[in-house]
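Put together the whole structure using the sequences plus the hints.
Each chain, letter by letter, is given below.
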Amino acid sequence: MTAAGLRDDARHPHAGAAPSGDMGPGLRGDGGKGPSGTLFRRIPGGRFLVGLPPYLWLGLFFALPFLIVLKISLAETQIGIPPYKPLLDWAQAGVLEVRLNLGNYRTLLTDDLYVLAYLNSLKIAAVSTLLCLLIGYPMAYGIARSSDRHRNALLMLVVLPFWTSFLIRVYAWMGILKTEGLLNAFLLWTGVIHEPLQILETDLAVYIGIVYSYLPFMVLPLYATLEKMDRSLLEAAWDLGCRPFRAFLSVTLPLSVPGMVAGSMLVFIPAVGEFVIPDLLGGPDTLMIAKILWSEFFDNRDWPVASAIAVAMLVALVAPIMIFQHFQKRATE
Amino acid sequence: MAETIISIDAVSKSFGSFAAVNRLSLSIHRGEFFSLLGASGCGKTTLLRMLAGLEQPSEGRIVIDGTDMTGVPPYLRPVNMMFQSYALFPHMTVEQNVAFGLRQEGWPKDRIRDKVQEMLDLVQMAPFGRRKPAQLSGGQRQRVALARSLAKEPKVLLLDEPLAALDKKLREQTRLELVKIQHRVGITFIMVTHDQEEAMTMSSRIAVMKAGSIEQIGAPVEIYEYPASIFVADFIGAANMFEGSISRHHDSQVMVACPDLGRDVAVTHAPPLPVGAAVKVMVRPEKLLLSRDEPGAQMNWLRGRIGDMAYLGGLSAYHIELASGLSVQATQANLKHVDGGGPSSGDEVYVAWHPANAVVLVQ
Chain A
987 MTAAGLRDDA RHPHAGAAPS GDMGPGLRGD GGKGPSGTLF RRIPGGRFLV GLPPYLWLGL
1047 FFALPFLIVL KISLAETQIG IPPYKPLLDW AQAGVLEVRL NLGNYRTLLT DDLYVLAYLN
1107 SLKIAAVSTL LCLLIGYPMA YGIARSSDRH RNALLMLVVL PFWTSFLIRV YAWMGILKTE
1167 GLLNAFLLWT GVIHEPLQIL ETDLAVYIGI VYSYLPFMVL PLYATLEKMD RSLLEAAWDL
1227 GCRPFRAFLS VTLPLSVPGM VAGSMLVFIP AVGEFVIPDL LGGPDTLMIA KILWSEFFDN
1287 RDWPVASAIA VAMLVALVAP IMIFQHFQKR ATE
Chain B
8 MAETIISIDA VSKSFGSFAA VNRLSLSIHR GEFFSLLGAS GCGKTTLLRM LAGLEQPSEG
68 RIVIDGTDMT GVPPYLRPVN MMFQSYALFP HMTVEQNVAF GLRQEGWPKD RIRDKVQEML
128 DLVQMAPFGR RKPAQLSGGQ RQRVALARSL AKEPKVLLLD EPLAALDKKL REQTRLELVK
188 IQHRVGITFI MVTHDQEEAM TMSSRIAVMK AGSIEQIGAP VEIYEYPASI FVADFIGAAN
248 MFEGSISRHH DSQVMVACPD LGRDVAVTHA PPLPVGAAVK VMVRPEKLLL SRDEPGAQMN
308 WLRGRIGDMA YLGGLSAYHI ELASGLSVQA TQANLKHVDG GGPSSGDEVY VAWHPANAVV
368 LVQ
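These protein sequence lines map, in sequence, to chains A and B.
Note that our numbering has the first sequence beginning at 987, numbered continuously upward.
Note that our numbering has the second sequence beginning at 8, numbered continuously upward.
A portion of the hints provided could be inaccurate.
[Stated by the list, open to error] With a cut-off of at most 25 Å between alpha-carbon atoms, the simulated DMTMM-like pairs for lysine to aspartate or glutamate come out as follows: (1) B:K162 with A:E1221; (2) B:K139 with A:E1221; (3) B:K162 with B:D117; (4) A:K1214 with B:E62; (5) A:K1109 with A:D1098; (6) A:K1164 with A:D1271; (7) B:K139 with A:D1216; (8) B:K162 with B:D267; (9) A:K1214 with B:E168; (10) B:K217 with B:E66; (11) B:K187 with B:E160; (12) B:K122 with A:D1098; (13) B:K176 with B:E222; (14) B:K175 with B:E160; (15) B:K139 with B:D117; (16) B:K187 with B:E204; (17) B:K176 with B:E160; (18) B:K139 with B:D121; (19) A:K1277 with A:D1288; (20) B:K139 with A:E1213; (21) B:K217 with B:E39.
Rather than coming from a laboratory, the hints here were simulated on the basis of the structure.
Written as structure tokens, this is what we have:
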């Protein structure tokens, strides 16, 4: 009451001079800007409302599940349903016991299996990203330089595989790569080889699968960067005595770095956690962190260790990316 | 006759069925400031790009300083271009941009540094060497682009609408500055522009282009005072044109019968034409004299009534309506204070011009 009263008193001196001073408090702040104010500025708190859905979405479908996973990762295993002990326990009347079990994380560090699987995942993802970049760059460059008439058709071809289920496409690769598959049949027919090659169930098959599946995610951002690049920059380089290949190296390539970074992120991050491709195309000795996670969860029913793997993977992926972005931001300033 | 540095010999360029440049021949002299002037789509930029090697002619040949440049790629030509968009490399600093061409030549580092410094001093951009293009204003970017294209000391500098991206005031200042820089470096400049005022104030010679061909080549004075065609007369400055036909030759003058004026008009400058040829008589508005008294016998004159008039400060512009319904534009310098005394709206006046101040153009 007192605060409102004070504010009313403060307004009084102006009320006589400007009749608009009598406007309600709701109108003063937002509606006072007149007809030029945008729709959302007219609704009190409109800006906040517009920003809400993404936060709500993130909170509900990312932060909350992640906290549950984090909770499980700190629990102890038990045989039962659920297969882990609660963190909070009323041990005696009035005493709340919090039991945080860091042993799951220690297991990750002490048992070689997890570290090796994680490093191997990083390696496979990094090599696949590099291969995608090497294959995708010329593709994106070719599409960006093609005539208007062909460009849309070519882009369509890049996106076309998405119209078929991812799983079916990976199964198709099994048909191509297996010992009596299409590839071996073709190579035997041409006489290049005399006995079938073992490709399926090797790391090579995993690379083929990842590069094939993720190539569009590399091509599209690269295309977007290359397409909007001002062609007169290249002409200026030629005009200043630069031969076409050097002009590519000193103008086109550095200016397409943002597209290369965006494409590499889109390939590298999901490739590290890729499960379907190594499971279907890889062999039993293809060590990837997502396969380990799967077997901890379903084969061993060790939810806490599986959760700890998930949390560790997230931290290990997010940290380098944040560091990288920090440096990139500083470079562009 | 000045020495020729570029000779363009019957050059054509077609894009599909569209002929952007059509059997065009032209020679450009060493050290001159030459302008290609024309409306958009007249082929002037295509011609400039062919000089740079960014387009190859469909027919004909281009010789630069005695060497046939047909088929020679842009990176081997002794010319440099300043692009309309400036085309500064956004990921390089001002210094790196200016040094780019010198690095391609493999100059030693210290010589590059000195040359870059010299060029930045020339365009007064020395304090901005470490900046990126995005941190510069439009005028500063234009200077950097100029410094970059001059750094290699090309035999010819090609400028594609160099002032088009600047605002009006800066554009006018920069005109003089570009001419000054051209004098200092002594390099042949070839500029493409659609702005006739720009071409007139900066160039030593102008080629007026239309639909892939040259309509007229000459010094700004010639082009303005003695246009060779109706198109040029119309394109450069304002013009009054009267339709007529040649009625007789009289001493050094031609008499033209103009039905709209109801009388014959005497003109000194006319191409050799037979009696009866259909022509237009062109008189610039400022060549017309307005008076209340009948002009002398050697003058051509008409009678009319002043319709609209506009006071422009140094000048006043008048629209004079003739009895035939034709309207004539005239401008008069306001040599004295005009409040009272001067011709004003509704006045009956004589409009007069000397035979030497009109031109006969073939229709």
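Hint check results:
Restraint check for B:K162 and A:E1221: satisfied, since their Cα atoms lie roughly 19 Å apart, inside the 25 Å limit. With a CA separation close to 20 Å, the supplied pair B:K139 and A:E1221 stays within the 25 Å bound. Distance check on the hinted pair: B:K162 and B:D117 sit about 24 Å apart at the alpha-carbon level, within 25 Å; holds. About 22 Å separates the Cα atoms of A:K1214 and B:E62, which keeps this hinted pair within 25 Å; it holds.
Annotation: proposed proximity of A:K1109 to A:D1098 holds, straight-line Cα distance about 16 Å (limit 25 Å). Distance check on the hinted pair: A:K1164 and A:D1271 sit about 17 Å apart at the alpha-carbon level, within 25 Å; holds. About 17 Å separates the Cα atoms of B:K139 and A:D1216, which keeps this hinted pair within 25 Å; it holds. At most 25 Å may separate the alpha-carbon atoms for a hinted pair to count; B:K162 and B:D267 exceed this at roughly 53 Å.
With a CA separation close to 23 Å, the supplied pair A:K1214 and B:E168 stays within the 25 Å bound. Straight-line distance between C-alpha atoms of B:K217 and B:E66 comes to about 19 Å, which keeps the hinted pair within the 25 Å bound. Straight-line distance between C-alpha atoms of B:K187 and B:E160 comes to about 16 Å, which keeps the hinted pair within the 25 Å bound. Between B:K122 and A:D1098 the CA atoms are separated by roughly 60 Å; this puts the pair beyond 25 Å, and the hint is violated.
Proximity of B:K176 to B:E222 is assessed by CA-CA distance (about 30 Å); at most 25 Å being required, the pair is judged violated. About 29 Å separates the Cα atoms of B:K175 and B:E160, which puts this hinted pair outside 25 Å; it is violated. Taken as a hint, the B:K139 and B:D117 pair is honoured in the structure, with Cα atoms around 22 Å apart against an allowance of 25 Å. At roughly 17 Å between alpha-carbon atoms, B:K187 and B:E204 fall within 25 Å of each other, so this suggested pair holds.
Using a Cα cut-off of 25 Å, the hinted pair B:K176 and B:E160 is violated, with the two alpha carbons roughly 29 Å apart. Proximity of B:K139 to B:D121 is assessed by CA-CA distance (about 20 Å); at most 25 Å being required, the pair is judged to hold. Proposed proximity of A:K1277 and A:D1288 is supported: the alpha carbons are some 14 Å apart, at most 25 Å. Between B:K139 and A:E1213 the CA atoms are separated by roughly 22 Å; this keeps the pair inside 25 Å, and the hint holds.
A distance of roughly 22 Å separates the Cα atoms of B:K217 and B:E39; the hinted pair therefore holds under the 25 Å criterion.
Going down the numbered hints, you'll see the structure goes against 8, 12, 13, 14, 17, while the others check out.
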